[in-house]
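Each protein sequence line maps, in turn, to chains A and B.
In terms of the numbering used here, the first sequence opens at residue 967 and continues consecutively.
In terms of the numbering used here, the second sequence opens at residue 616 and continues consecutively.
No wet-lab data here; the hints were simulated from the structure.
Any given hint could be a false lead.
Below, simulated DMTMM-like cross-link-like pairs (lysine to aspartate or glutamate); rule was C-alpha separation at most 25 angstroms, straight line [unchecked claim]: (1) B:889 to A:1172; (2) B:771 to A:1172; (3) A:1007 to B:908.
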Amino acid sequence: MRRILKYVMFDILRNRFVIGYCLFIMLITFGLLSLEEGSSKSTLSLLNIVLLVVPLISIVFATIHFYNSYEFMELLLSQPVRRSTILYSEYFGVSCSLSVAFAIGMGVPLIFLNQGLVSIYLLLSGIVLTFVFVSIALLGAVNSKDKARGIGTSLLLWFFFTAIYDGLVLLILFSFSDYPIEKYLLAFISLNPIDLARVAILLQMDTAVLMGYTGAVFSEFFNSWEGLLFSSGLLLLWAILPMLLTVRIFKRKDL
Amino acid sequence: MILLKSKIFFLVLLLPCFVVAETIHVGTSYKYKTIKSAISHSKNNDTLLIHKGYYQEGTILIEKPLTIIGQNYPILDGLHKIEIISIKSDNVTISGLKLINSGKSDVYDLAAIRVYKNKNIKISDNELENNFFGIFLTKSDHCTITNNRLSSTEEKQNDSGNGIHLLYCSNILIENNHIAGHRDGIYFEFVTESIIQKNISEGNIRYGLHFMFSSDDVYQENTFRNNGAGVAVMFSFKVKMINNRYEHNWGASSYGLLLKEIRDGEITGNTFEKNTTGISMEGTTRITVSQNDFIQNGWGIRICGGCDQGIITKNNLIGNSFDVSTSGSTLSNDFTGNYWDKYMGYDLNKDGFGDTPFFPVNLSSIILERIPASLLFLHSFVLDLIDQSEKLLPQLIPQNIVDKKPILKKI
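My request is simple: use the sequences and hints to build the entire structure.
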């Protein structure tokens, strides 16, 4: 597995996309932080990068990479290698290189210009979201042989998690606004990795007070040990479960 | 002629009072060791010079016009049991004292300095620490409270009194005081024609300044910082609020300025910076809000029901999460001629005003106002989407909150 992982990572590095991604993130972060010194405004912009750009890049890049290395995988499978090994190397190769690129790209400017708990939360959330969305991407890609359809699916999934899901929850909130719905809202938010990351980061910022009573309920939960364990456990599940499912499908698939 | 004679006679009679007024020294190395003994031996209009030292003599009762001056801040300790100074005479001056540890009580409003039904009281340059109430005036008029520093470290609202508390007073000047850590920094109840200026009120548990049932008052050039909430003006009318700073009154239910059931107020030249809500209005009538800066607040102006005939003009609204929000149908308030940093219009005829109207209430703020739980979607992509789509389908935002002539340049 280690050798295949090495091949995957080497392949990714060679096509220079990841380096570009890293530089892009670094440039934006440096720019935002130096334009608006240390204010919560720049942190909010960084939050948007973590919540929108990182999942989008992860999901699209992972899908494309999967399709591009499909022939390579087929070649490997003619050797005595297990299918799960190949898929896991693909998964870890892509997500590790992307998250390292992200961590360097955002981490270096943050270390210089904006140290603090919020920065740590931003970095960790970005890394975890990378893993989550790479695993979701592979699940989408493994289900269809057609590249265009696969990329379409992954874009749709990204849009679902960033906008559609929240819209649906808002709709539910509207319909049940007469009822005490906070606890269910907690459950709904927890089911979306992007929302989970957003709320976890926002609660570390002073904008959290704008969230009023509901925010206070959440803040109490998320800042307790159980809440922290719960939310990070859920995010990890989001990174692991789609991947397990993918492996399962891939094992039985007629290549 | 007879009248003049009698006047001169009266003046001559009064003369000895001025001539005989003398200075009495109080201190360990002087004839009078205690303040009480000095007071009982003093005559009207004498000056008591209290030298540096530590005095604990129970409540000091002042029943004649006296000037009490502390040198190098002599300490008067209330030992957490009593009211320290009670003034029951007109024309008393207290300055340069350090008053600490007044009693706390659920029944009596114990204060460091309590003034009962008097006029011409001057309280200046004192330091008050850890008192229940700081300076408490009841039914008094023509008094000045200047250059005092009040602080308290009590953390619970119920165990804490107000810094400067006025009840049924008029013509009071409160200037250059620094008040921290009390329940309300300054509290006005049934107070008229008074001026509060150049004070700093910070870190108070409830409000920096609190008006109840008061009228014709002015507060200007004060700073309200880090209070539970900056200023609350309730059930009052004709209160002028000019050139104050409301900074960082930041908390789940905090605001810079709360207006509740007031009328004919004027809010001019103030700066609201980093408050959860800049101004929160409820049941106001004929309020003018002009030439204020609202910078980086959660909500700039929050209008609850029943606000009528307000004029909001020439303000700068910059970097607020929400400029204006409202619950339900607001009545006629005029929002013409403000600078909004969120305005994206153009000015073809170069008259300085935007050619398209600006609707300061956006859809997401309406949703948040109706369903507070949806605040959890703050800064989420979906709320941005909703705000953008509302520009295409302007059906839901209230059409009566509109700036028809938004200004393009910051004032």
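Each hint, compared with the structure:
The suggested pairing of residue 889 (chain B) with residue 1172 (chain A) holds, with an alpha-carbon distance near 10 angstroms, which does not exceed 25 angstroms. The straight-line distance between the Cα atoms of residue 771 (chain B) and residue 1172 (chain A) is roughly 23 angstroms, inside the 25 angstroms bound, and the hint therefore holds. Only pairs whose Cα atoms come within 25 angstroms are accepted, and residue 1007 (chain A) paired with residue 908 (chain B) is accepted, the gap being roughly 18 angstroms.
Checked against the numbered hints listed earlier, the structure breaks none of them; every hint is satisfied.
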